[in-house]
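Enquirer: These protein sequence lines map, in sequence, to chains A and B. Take 1 as the starting number for the first sequence in full-length UniProt numbering and just add one per residue. Take 1 as the starting number for the second sequence in full-length UniProt numbering and just add one per residue.
Derived by calculation from the structure, the hints in this document are not laboratory data. As the structure is a prediction and not an experimental result, all values here were calculated from the model. Ideal Cβ positions, reconstructed from N, Cα and C, are used throughout, including at glycine. Just so you know, not all the hints are guaranteed correct.
To be verified - Every beta carbon over 12 Å from chain B, so not counted as near; a handful from chain A, in silico:
#1 52
#2 76
#3 96
#4 100
#5 129
#6 171
#7 198
#8 214
#9 266
#10 295
To be verified - Some chain B residues near chain A, calculated using beta-carbon distances under 7 Å:
#11 43
#12 102
#13 105
#14 106
#15 116
#16 233
#17 274
#18 280
#19 288
#20 292
Spelled out, the chains give:
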Amino acid sequence: MAGQATAFTATAQQSPGLPGLAALGFNRAQSIAFLLLLGLLLVGPFVLYPVFLMKLLCFALFACAFNLLIGYVGLLSFGHAMFFGMGGYVTAHAAKVWGLTPELAILAGGAVGAVLGVVAGWIAIRRQGIYFAMITLALAQMIFFVCLQAPFTGGEDGIQSVPRGALLGVFSLAQDMSLYWVVAAVFLAGFLLINRIIHSPFGQVLTAIRENEPRAISLGYRVDDYKLMAFTLSATLAGIAGGTKALVFGIATLTDVYWAMSGEVVLMTLVGGLGTVFGPVLGAAVIVSMQNYLAEFGAWVTVIQGCIFVACVLAFRAGIAGQLGRWLRVRL
Amino acid sequence: MIEELLFQLELGLPQVVLGLVNGAFYALLSLGLAVIFGMLNVINFAHGAQFMVGAFVAWMLLNWGGIGYWPALLLAPLIVGAFGVVLERTMISRLYKLDHLYGLLLTFGLALIIEGLFRNSFGSSGLPYAPPELLAGPPVDLGFMFLPKYRLWVVVAAVVMSLLTWIVIEKTRLGAYLRAATENAALVQAFGVNVPRMMTLTYAAGVALAAFAGVLAAPIYSVNPQMGSSLIITVFAVVVIGGMGSILGSVLTGFGLGLVEGLTKVFYPEASSTVIFVIMAIVLLARPAGLFGRA
Chain A
1 MAGQATAFTA TAQQSPGLPG LAALGFNRAQ SIAFLLLLGL LLVGPFVLYP VFLMKLLCFA
61 LFACAFNLLI GYVGLLSFGH AMFFGMGGYV TAHAAKVWGL TPELAILAGG AVGAVLGVVA
121 GWIAIRRQGI YFAMITLALA QMIFFVCLQA PFTGGEDGIQ SVPRGALLGV FSLAQDMSLY
181 WVVAAVFLAG FLLINRIIHS PFGQVLTAIR ENEPRAISLG YRVDDYKLMA FTLSATLAGI
241 AGGTKALVFG IATLTDVYWA MSGEVVLMTL VGGLGTVFGP VLGAAVIVSM QNYLAEFGAW
301 VTVIQGCIFV ACVLAFRAGI AGQLGRWLRV RL
Chain B
1 MIEELLFQLE LGLPQVVLGL VNGAFYALLS LGLAVIFGML NVINFAHGAQ FMVGAFVAWM
61 LLNWGGIGYW PALLLAPLIV GAFGVVLERT MISRLYKLDH LYGLLLTFGL ALIIEGLFRN
121 SFGSSGLPYA PPELLAGPPV DLGFMFLPKY RLWVVVAAVV MSLLTWIVIE KTRLGAYLRA
181 ATENAALVQA FGVNVPRMMT LTYAAGVALA AFAGVLAAPI YSVNPQMGSS LIITVFAVVV
241 IGGMGSILGS VLTGFGLGLV EGLTKVFYPE ASSTVIFVIM AIVLLARPAG LFGRA
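For reference, chain A alone in the conformation it holds in the complex:
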């Protein structure tokens, strides 16, 4: 295990951040990138189709949540679709059947992600490395079969025509533009939370576990507790992302719990750069745009995704953000 994780991340010197943003843990380059991201979030819906942007933001949050595990604890979960998909189902169910307001419905999606995360994490952290990946994949497959059969998910049909409702029961979200600001706020909150986690003392311990687990144990850290906590946080945010996506499209289906979705989030994070702050967002942008653009080509999308996987693993392991950081000699 020792030394393996360094392959996953490019480390560079930490430079002092811009005043104000340094409090969030950003260094100088990250502060600039963050301001750029904020600008894009504000201008985006006036230039691009809001529904497309909302989809992108949901996947970006999903990828950031996934990256918290692979990038900062070194755990490759191949089953994150279970949190994303279940979050979607529960949010859809809460909004449609229980009539909850959208913010509560999304929180319900996050809550189910958390519960599922505790259970799946508790089982999966008993093994490391390759076994961890296989176990999470198998558990996600189990959840897929449960969703296929359980009455509340609607089987093959999924949960359709989910109402977007009114925020806090007051502000209607029927308009794409009003929903966009909510989704952007959810994404930003999740993104900043993850960033806060990585730069906290807790996050430093996570990184220590990634770099050298036996050493972290010998220093007296309860490694399993830390791993479980990180897994649960990641699952919660994935649930929130899935719930938000269900509200945006008004539908929750089996696609989001299927293993291919777990693979997609791995791909997004890999393309963007494992263990980078902005990489997953970039990766999600690339993959979602690609899917949009190539949607008419059917199975070729799968082939192209596979090719990107192979190319990234063989020649482009740092990802977009990692490579960009290397060229500019900064950490993104």
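Guided by the hints, dock chain B onto chain A, whose structure is given.
Expert: Just chain B, lined up with the frame of chain A:
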């Protein structure tokens, strides 16, 4: 109460035997995964895709070349194995020095490519493949139930193939090299054994096992591009349950879990698709290294 259970079991016997057939595939596929992992430290995610390709090669040999089932049983593994050699030489061998997870990611990408290409060429609906004449006749009367000959053959073939693999690895000189290289590749290399070539051939052999299973599966399941992907995830669970330390262990676990799945279909059909995953969770809680695994 007990009589009632026995009666139900008798009615469900065909399901249990079907479970054994599934178990044969679990055994063959987890065996291939274990052989590859032991030597290369790579979990071959493309195993399911290669199983599917095996079935398709048999179909193509029959429909395009007029070559029947029995030659296909030998040819398909050779063809897919040769394809495995190319994959190992050009891509997988570049990853040995990196984190094992990259091997998983690479082979996942390969699986996506292979599956996508076959879906583009053959569509998603299945293609029929008739069992060979010799095994097509009326079902065999086992006294308590009738068993289609072909299914019986699948179980026998899987057992024989597993035993052969076990003999090669445990009882031959080549197997001794393999086991030694698994323990310490650098040392074996120092003794003058060509370890990189051995790794290539091991990968090819593992892949050929998957293709062999694919040809066996062709007459039972319809030949379609998705036939491997969900199967391989179940096989991952089987591998986690058995642990990848022992050849016979993975074979036994494969057959055992197939049986358990068949029994679940009889007594509680709703759980039959999830039972293996539940067992995996329980085994992980009780014995994290797996039933036959070394910690």
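Enquirer: State for each hint whether it applies.
Expert: Hint-by-hint comparison with the structure:
Listed as outside the interface, residue 52 of chain A is consistent with that label: its C-beta sits roughly 24 Å from the nearest C-beta of chain B, beyond the 12 Å cut-off. Separation of residue 76 of chain A from chain B is inadequate, the least Cβ-Cβ distance of about 5 Å not exceeding the 12 Å criterion. The Cβ of residue 96 of chain A sits about 25 Å from the closest Cβ of chain B, beyond the 12 Å cut-off, so the non-interface label holds. The Cβ of residue 100 of chain A sits about 29 Å from the closest Cβ of chain B, beyond the 12 Å cut-off, so the non-interface label holds.
With a cut of 12 Å on Cβ distances, residue 129 of chain A falls inside the contact zone with chain B, its closest approach being about 6 Å. Consistency note on residue 171 of chain A: stated as away from chain B, and its beta-carbon is indeed over 12 Å from all of that chain's, at 41 Å minimum. Listed as outside the interface, residue 198 of chain A is consistent with that label: its C-beta sits roughly 20 Å from the nearest C-beta of chain B, beyond the 12 Å cut-off. At the 12 Å boundary, the C-beta of residue 214 of chain A stays outside the reach of chain B, the nearest C-beta of that chain being 14 Å off.
Residue 266 of chain A, annotated as away from the interface, has a beta carbon of chain B within 12 Å; the closest lies near 7 Å. With 12 Å as the threshold on Cβ separation, the claim that residue 295 of chain A sits away from chain B holds: the shortest Cβ distance comes to roughly 14 Å. Contact between residue 43 of chain B and chain A, as hinted, is supported at the beta carbon level, the nearest pair being about 5 Å apart and thus within 7 Å. Against a cut-off of 7 Å between C-beta atoms, the interface hint on residue 102 of chain B holds, since the closest Cβ of chain A lies about 5 Å away.
The criterion of a C-beta within 7 Å of any C-beta in chain A is met by residue 105 of chain B, whose closest approach is roughly 5 Å, and the hint holds. With a cut of 7 Å, the hint placing residue 106 of chain B at the interface with chain A holds, because the nearest CB-to-CB distance is about 4 Å. Interface hint status for residue 116 of chain B: upheld, as the beta-carbon distance to the closest one in chain A is roughly 4 Å, under 7 Å. With 7 Å as the threshold, the beta carbon of residue 233 of chain B comes within range of chain A, its nearest partner Cβ sitting at about 5 Å, so the hint holds.
At a threshold of 7 Å, the smallest CB-CB gap from residue 274 of chain B to chain A is about 5 Å, leaving the interface hint in force. Here the hint on residue 280 of chain B is kept, as its CB sits about 6 Å from the closest CB of chain A, short of 7 Å. Taking 7 Å as the C-beta cut-off, the interface hint given for residue 288 of chain B holds, the closest approach to chain A being about 4 Å. A cut of 7 Å between beta carbons decides the hint on residue 292 of chain B: the least distance to chain A is about 14 Å, and the hint is violated.
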